[in-house]
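In mature numbering (1 follows the signal peptide of the UniProt record, and there is no 0), the protein residues as written are -16 to -1, 1 to 364.
These are computed hints drawn from the structure, not numbers from a lab.
Fair warning: there could be bad hints in the mix.
Unchecked claim - Below, a list of computed lysine to aspartate or glutamate pairs in the EDC-like style, where the Cα atoms sit at most 16 Å apart:
hint, residue 1, residue 2
1, 105, 63
2, 288, 113
3, 153, 209
4, 149, 187
5, 301, 358
6, 288, 268
7, 288, 340
8, 69, 353
9, 249, 209
10, 105, 48
11, 290, 276
12, 285, 267
13, 105, 68
14, 301, 21
15, 249, 267
16, 49, 340
17, 49, 35
18, 40, 353
What the hints assert, rightly or not - Derived DEER-like restraints, expressed as beta-carbon distance ranges:
hint, residue 1, residue 2, range
19, 69, 244, 45 to 55 Å
20, 37, 67, 20 to 30 Å
21, 331, 238, 37 to 47 Å
22, 322, 261, 17 to 27 Å
23, 104, 76, 18 to 28 Å
Ideal Cβ positions, reconstructed from N, Cα and C, are used throughout, including at glycine.
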Amino acid sequence: MIRVIIVFLSAFLVSACGDSDNSEPPAELVDFEETLDINELWSVDTGSGVDQLFVKLFPLILDDKVIVTDRTGYVSAYDLNSGDKLWDTELNLTVSGGVGGNNTHLVITSRNGHVILLNSKGELIWKVDASSEVLMPAQIAGNLIIIRSVDGRISGLSLADGSEKWTYKRDVPALSLRGNSVPIIKQGYIFNGLDNGRLVTLDLLDGHTVFDLAVASPSGRSELERLVDIDGHAEIVRDILYMSSYQGRIVSIDIRRGQLSWSRKLSTYSGVSHSGSGLFISDDKDSIWSLDSTNGATLWKQDKLKARAITRPIAIKNSIVVADYEGYLHFLSPFDGHFQARIETDDSGIIIPPIEHNGRLYVITRDGELSAFEIEAIQD
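With the sequences and hints as input, model every part of the structure.
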C-alpha cells in the first residue's frame, strides 16, 4: 500500500510542476492592475524547512508568538510583531506533523511515530510512541491529546504522561493520498474525515462513535478511479460542518443531527475555507471556486492559476490569498475572483496555506523562510 501511495503522489507532484509531457503545464502568470499593497514586515530563517519531502509542517500561532519546526526537529518560536527569536530547541528526529498545542503545551510528531510534549518554552516533558506516523498537528482538549495516525487510528493520549486512554480504528483503503485531515474538536466531540471518504464523529471522553456519514463514495472500475479521500481542511460554523474530499463532494452537515444539508460534486486535496457567507476552494486542477455556503451554488470561478499547485484559499481583510509552487502569493477579490495583487517570496515554493492572524499574513516556504506581511488598499 505504501508503494502505491508514493507512486500516486509522485505523479501528482510532477503534474503540479509541469515536468511531464502528458500533464498540463503550469499557467503563465497574467498581468493586471494591482489594487493592494503587500508590505513585508519581517522575514526569518527557521531552519531547513521540508526541502523536497512532501510533509506539511504547519506552524502554530499562540497570542504574540509563532512556533515552527523544520524536518530535522529544530523547533523555534518568534515574536509575531518583530520576528525576533524567543527560544529554540533541537529534538534530533524527522518531524512529520508540524506543531500542535496551546499556550502551555506544544506537541510535535515524527515520521517514526514519536509523540513529543514540550512546555511553552520548548523544554521536553515526555516522549512516547504512537502506533504509526502522524502527518498532521496533534490537538489538545482538556487533559487529552488527540492524534490521527496513518494506520487509520484516532487516539486520545493523556496530557500528563502520554498513555493511551482510548483509540478508534478504521482500516485504511489499499489506495489513498499521503496525508490526513486534522481532527476538529467542538462541544465535546471529535469530527474527522477518513481515507475512505467518510466523516466519523467520536465522543471526546471515550472515543466511541456518535455518527458515521459518507462524504464521498467510490465509483469507477480502477482503484485510481475509486480513490476517495478526505485529507483537506474542514470548518465548523454555527453548528454546520463544511467538508470536502478528493474525487468526491463538498458537503454541508448539520452536526447537531448528523444530517447532510447539501452537497455538490467537486474534487479537492486541500479542503475548504469559510468567510462571510461564502466558501472558498482550490480544486484538484488548481481552479479557485467561491460557493454560496447556504446551498453550494457557484458564485465565481478563477481558472488562471491552473496546475500551479496552489494552497487552500485564506481570507484576509477584503481579499483571499493562495500560495503556489514557485513561492508566489496571489491575492484575489472574494466578491468576483479578480486578481488584486501578487508578490514573490522565495523560489522554493509554498505548500502550507498562509495563516491570517489579527489582519496580518504569515507565510512559511519549503526552505523554512517565515515572513509576515501587511495588506493595504492602494489609495487613488
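Here is how each hint holds up against the structure:
1. Of the supplied pair hints, the one linking residue 105 and residue 63 holds, its CA atoms being roughly 13 Å apart against a limit of 16 Å.
2. The hinted pair formed by residue 288 and residue 113 fails the criterion: a straight-line CA distance of about 45 Å is larger than 16 Å.
3. A distance of roughly 25 Å separates the Cα atoms of residue 153 and residue 209; the hinted pair therefore is violated under the 16 Å criterion.
4. Straight-line distance between C-alpha atoms of residue 149 and residue 187 comes to about 13 Å, which keeps the hinted pair within the 16 Å bound.
5. Only pairs whose Cα atoms come within 16 Å are accepted, and residue 301 paired with residue 358 is accepted, the gap being roughly 10 Å.
6. For a cut-off of 16 Å, the pair hint linking residue 288 to residue 268 stands: about 14 Å separates their Cα positions.
7. Simply put, residue 288 and residue 340 have alpha-carbon atoms about 24 Å apart, too far for the 16 Å limit, and the pair is violated.
8. A distance of roughly 13 Å separates the Cα atoms of residue 69 and residue 353; the hinted pair therefore holds under the 16 Å criterion.
9. Annotation: proposed proximity of residue 249 to residue 209 holds, straight-line Cα distance about 15 Å (limit 16 Å).
10. Distance restraint check for residue 105 and residue 48: the Cα-Cα separation of roughly 14 Å lies within the 16 Å cut-off, and the hinted pair is therefore satisfied.
11. Only pairs whose Cα atoms come within 16 Å are accepted, and residue 290 paired with residue 276 is rejected, the gap being roughly 22 Å.
12. With a C-alpha separation of about 10 Å, the suggested pair residue 285 and residue 267 falls inside the 16 Å cut-off, and the hint holds.
13. Under the criterion of a C-alpha separation no larger than 16 Å, the hint pairing residue 105 with residue 68 is consistent with the structure, at around 15 Å.
14. Taking the CA atoms of residue 301 and residue 21, the gap is about 13 Å. The hint holds against a cut of 16 Å.
15. Distance hint between residue 249 and residue 267 is fulfilled; the C-alpha atoms sit about 11 Å from each other, no more than 16 Å.
16. Annotation: proposed proximity of residue 49 to residue 340 holds, straight-line Cα distance about 13 Å (limit 16 Å).
17. Of the pairs offered as hints, the one joining residue 49 and residue 35 is violated, with about 24 Å between alpha carbons and a cut-off of 16 Å exceeded.
18. For the hint linking residue 40 to residue 353, the alpha-carbon distance of about 14 Å falls within 16 Å, and the restraint holds.
19. Between residue 69 and residue 244 the Cβ separation comes to about 47 Å, which falls inside the hinted range of 45 to 55 Å.
20. A hinted range of 20 to 30 Å holds for the C-beta pair residue 37 and residue 67, which are about 25 Å apart.
21. At about 44 Å, the CB distance of residue 331 to residue 238 agrees with the hint of 37 to 47 Å.
22. Separation of residue 322 from residue 261 is about 19 Å and conforms to the stated range, judged on CB atoms against 17 to 27 Å.
23. Checked against the given bound of 18 to 28 Å, the beta carbons of residue 104 and residue 76, roughly 21 Å apart, stay inside it.
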